[in-house]
Amino acid sequence: MNHTYLAHLQATLAQIRADGFEKPERVIATPQSADIALAGGEHVLNFCANNYLGLADDKRLVLAAKAGMDQYGYGCASVRFICGTQSIHKQLEKSISEFLGADDTILYSSCFDANGGVFETLLTEEDAVISDELNHASIIDGVRLSKAKRFRYKNNDMADLEAQLVAAEQAGARFKLIVTDGVFSMDGIIADLKGICDLAERHDALVMVDDSHAVGFIGETGAGTPEYCGVSDRVDIYTGTLGKALAARPAATSPRTNPLSACCASARAPICSPTRWRRPSPPPAWKC
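Counting in this note's numbering, the sequence shown runs from 4 upward without gaps.
Please note that a few of the clues may not be correct.
As the list claims (entries may be wrong) - Pairs of lysine-lysine, DSSO-like flavour, derived with a Cα cap of 27 Å:
| id | residue 1 | residue 2 |
| --- | --- | --- |
| 1 | Lys-93 | Lys-62 |
| 2 | Lys-97 | Lys-62 |
| 3 | Lys-97 | Lys-69 |
| 4 | Lys-93 | Lys-157 |
| 5 | Lys-152 | Lys-97 |
| 6 | Lys-93 | Lys-69 |
To be verified - Label pairs and their calculated CB-CB ranges:
| id | residue 1 | residue 2 | range |
| --- | --- | --- | --- |
| 7 | Ala-40 | Tyr-8 | 36 to 44 Å |
| 8 | Thr-33 | Gly-175 | 31 to 39 Å |
| 9 | Glu-128 | Ala-37 | 22 to 30 Å |
| 10 | Leu-41 | Ser-188 | 34 to 42 Å |
| 11 | Lys-157 | Val-47 | 34 to 42 Å |
| 12 | Thr-127 | Lys-157 | 22 to 30 Å |
| 13 | Asp-236 | Thr-7 | 55 to 63 Å |
| 14 | Gly-175 | Glu-25 | 16 to 24 Å |
Since the hints were made in silico from the structure, they are not lab data.
Ideal Cβ positions, reconstructed from N, Cα and C, are used throughout, including at glycine.
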C-alpha cells in the first residue's frame, strides 16, 4: 500500500479513537437472549439488543429455519429475476403483505438495501423528498442516491414539516414523498403518523414509513406504527426488517399499490444482489 496513504489512515483512526468514536465489538458466545455469555466467559444481562419479543433463540424459529434449508437448500445462487426466486419467497412476501395490509411485498437482504432502493426508482430530479432529521442512516443514504430535491424537517415537528412541503412546492416539485421512521431507534419517539398523513393529503404527497423498530410488537396486532396510529390505509410505502423483533434476516418493501411495487422491484439491490434472501425459512417463522 502507498505509505503516505497508510499514514493518513493510521492518523484518521487515531483521531477517531481520541474523539471516543471507535466502535469495539462485543463478542457473544451464546444465542442472542436476555442472559448471554461473552467470548471471555463473563455472563451478563443484555439490554441493548433489538430482540424485543425474545424470538432470536425461539426453538420454533430455529426448527423452521432448519426445515427450510432441508427443503430449499442454503442459497439461491442467483438473483431473483434470473432463477433465484423460490416458492418460499412468494409465500413470505404474501404473508407480509397480508399482515401489513399492503398490495405487495419485495424482499431484500437488509433494510439498508430496501431504503437505498426506494427513492432512486420512484423519484427523479423533478420530485422532492421531505425527510425527518432523525431518520435512519439508510434513509439518508437512499435519499442522497436519488436525484430528487431534498428537504429536511425537525424531528416529529408538524409545523416544520408543512413549511418544508410548502418549500418543495415553491421549488416546483412535481411529486412529493414524506419519509419518516415509525419509531426512532435512539430515543423511542413514535412518529406522529396521523399528523403526517393529514399534511400529506393536504399537500398531495406520498407517505413512506421505515417501521424496523416497530413491526412485530407495536399496534394491536403488531403491524407497526401505522396500525398504532390508526393510519394503516393512509401510508403508501412500508419498509422494515425481520431482523429485530422478528429475529430473522431479510427486510422488505411493502407498497400500498401494485404500480409502486413494480417500480420498487426495478431497484439495483434486488436486481443485482444474489443474497436477497439467503437462508429460507417457512412463513410460520414470520407468523409466530
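Cross-check of the supplied hints:
1. Lys-93 with Lys-62: holds (24 Å)
2. Lys-97 with Lys-62: holds (24 Å)
3. Lys-97 with Lys-69: Holds, at about 21 Å.
4. Lys-93 with Lys-157: Violated - the C-alpha atoms of Lys-157 and Lys-93 are around 38 Å apart, more than 27 Å.
5. Lys-152 with Lys-97: Cα-Cα ~33 Å, so violated.
6. Lys-93 with Lys-69: Measuring from Cα to Cα gives roughly 19 Å; hence the hint holds.
7. Ala-40 with Tyr-8: 36 to 44 Å: The hinted range 36 to 44 Å holds for Ala-40 and Tyr-8, with Cβ atoms some 40 Å apart.
8. Thr-33 with Gly-175: 31 to 39 Å: violated (56 Å)
9. Glu-128 with Ala-37: 22 to 30 Å: violated (48 Å)
10. Leu-41 with Ser-188: 34 to 42 Å: Check failed, 23 Å falls outside 34 to 42 Å.
11. Lys-157 with Val-47: 34 to 42 Å: Given a distance of about 37 Å, which is inside 34 to 42 Å, the answer is holds.
12. Thr-127 with Lys-157: 22 to 30 Å: Taking Cβ atoms as reference, Thr-127 and Lys-157 lie about 27 Å apart, which means the hint holds.
13. Asp-236 with Thr-7: 55 to 63 Å: holds (58 Å)
14. Gly-175 with Glu-25: 16 to 24 Å: violated (44 Å)
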